[in-house]
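J.: Residue strings, one per chain:
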Amino acid sequence: MSFQKNFKHPFLLAHHDFFKGIRSWSLWFGLGIHDIRIRYKRTLLGPLWITASQAATFICMGMLFSAVLKNDVTDYLPYLAAGMVIWSFVSAVANESAQIFTSAHHVITSLRIPLVVHVLRFVFRHLLVFFHNFAAAVAAFLILGGHLTAASSFLLVSVPLLFIMMSSAALIVAVVGARFRDIAPVIGIVMQLTFFMTPIMWRTSDIPNASKWWVTINPWHHVIEVVRAPMLGTMPAPLSVEVLLFGTLVLVALAYVMFCSFRHRIAYWL
Amino acid sequence: MSHLILEDVSVDFPIYDGSQRSLRRALAKASIGGTIFRRDQRHVAVRALDGISMALHDGDRVGLIGHNGAGKSTLLRVLAGLFLPTGGRISIDGRVSPLLNLGSIIDHEMTGYENIEHAAVLLEIPARRRRTLAQEIEEFTDLGDFLALPVKTYSAGMQLRLSFALMTAQEPEILLVDEVLGVGDSGFLKKAAARMTEFHQQTSIMVLASHNDTQLYKLCNKAAWLEYGRVVRFGPIDEVLTAYKASCGT
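Taken in sequence, the protein lines are chains A and B.
Going left to right, the first sequence walks through residues 1 to 270 as the working numbering numbers them.
Going left to right, the second sequence walks through residues 1 to 250 as the working numbering numbers them.
FYI, nobody ran anything at the bench for these hints, they're computed from the structure.
Be aware that one or more of the hints could be misleading.
Residues on chain A that point at chain B, a partial pick, calculated with CB under 7 Å [said to hold, decoys possible]:
| id | residue |
| --- | --- |
| 1 | K5 |
| 2 | P10 |
| 3 | T102 |
| 4 | V107 |
| 5 | W213 |
| 6 | T216 |
| 7 | N218 |
| 8 | S261 |
| 9 | A267 |
| 10 | L270 |
All values reported here derive from a predicted model rather than from experimental measurement.
Note that the Cβ used here is the ideal one computed from N, Cα and C, for glycine as well.
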């Protein structure tokens, strides 16, 4: 016989799927944009609704909490806006990623698309939402007298890093969530608590020195800080950058191993 | 040179939900469907394919026959690489185009034209073909101005026309077709048959699951008869179909 049989090990197949999925960026890029367009079809403002709703939230909460916490509103509101905008990206990805494969069920069992594409499409869609919110937060900062500085250009590093980190995290959660349906509600509870535990509505300087270690060991604080600081024209603390870098590396490695080990079972779990 | 080689391929679907206590026996064989069995104390599984060995090469056009739940669709999904076998192994060589669930690429909120663009991305249709694609589909579907309206305004038959045209826009080497031509009218069926013939001439291997004898005789040269996830008989189309029909008593 003149043909060569190639029986591939599931791990190797998954490895190809992983890298092919990342390389097909035009696919997940296009699908992400498509999702946003479909969602806001026939609406008056289109995706600007995202911007409007986010702006309404942080303006009201900013005015309320600057009064409660006795902060200067021009200082507090941009801080809250930046933090909330980043948080809505992070928490939306965390909360919904357990259902990525379950909701792509029909495509997974009928078309040959790398499974990683579903995850990247999902995170990219949320990144697009983030950009809309981001514009609102930066506008609020500038209107209230803030200035963008050279440090703001650090966003060109921190936002892509955040995207890679959240994509890896989403892939891990998507694999586990396809098998164990309890993951989604558990994450929901954890993220809700994390929101209050992390300096978003309050600042690290608002709490007594003795309790500050609590913020230092909170990885979400560092993740948010790395994006928030340049949005407000300052450089993030080196420790925060290191935590994000290290966290991204660990999550990428973990996502790769998890995905390659369980890729062949995912279709059976749906 | 394309090929599809299966060696002792089995597929077990684990069942994580449903009340397992209500299963009357630990090992049950219903008159249709795969074998339901207890994997261990807590888990139940369905054996959809059971020890299938098969080698398909260039020029093979195989009809899959068998009653509902015999494993035809599962086998097609294994051949497509969508399900990795839980037992045995498989070697796939060639660009596989699955025509399994036509609805899966259609988005009902989008217009026909938007769906064409969307499908071109999903099916990885090469850029050089995309320009002529819309025109080809206009001609094939006869949908006219409806292509500018959202797909949710289409009737089931119109949706079938569009999705069939989109799915067959691929350039396959290995074509896998599940029974997909349910709701078309006679005009469409004639066109679809012509398209399938043209399509199957381009492909080097085709596997088609169908209950339609005329279609099977026309498009296939071999047949595999499945029952309870096993191949009962594999060989030339006439021989297998005659034996199958004799067993069904028709």
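J.: For every hint, state whether the structure bears it out.
T.: For each hint, the structure was consulted:
no.: 1; hint: K5; in the structure: holds, 4 Å
no.: 2; hint: P10; in the structure: holds, 6 Å
no.: 3; hint: T102; in the structure: violated, 12 Å
no.: 4; hint: V107; in the structure: holds, 6 Å
no.: 5; hint: W213; in the structure: violated, 42 Å
no.: 6; hint: T216; in the structure: violated, 41 Å
no.: 7; hint: N218; in the structure: violated, 35 Å
no.: 8; hint: S261; in the structure: violated, 13 Å
no.: 9; hint: A267; in the structure: holds, 5 Å
no.: 10; hint: L270; in the structure: violated, 10 Å
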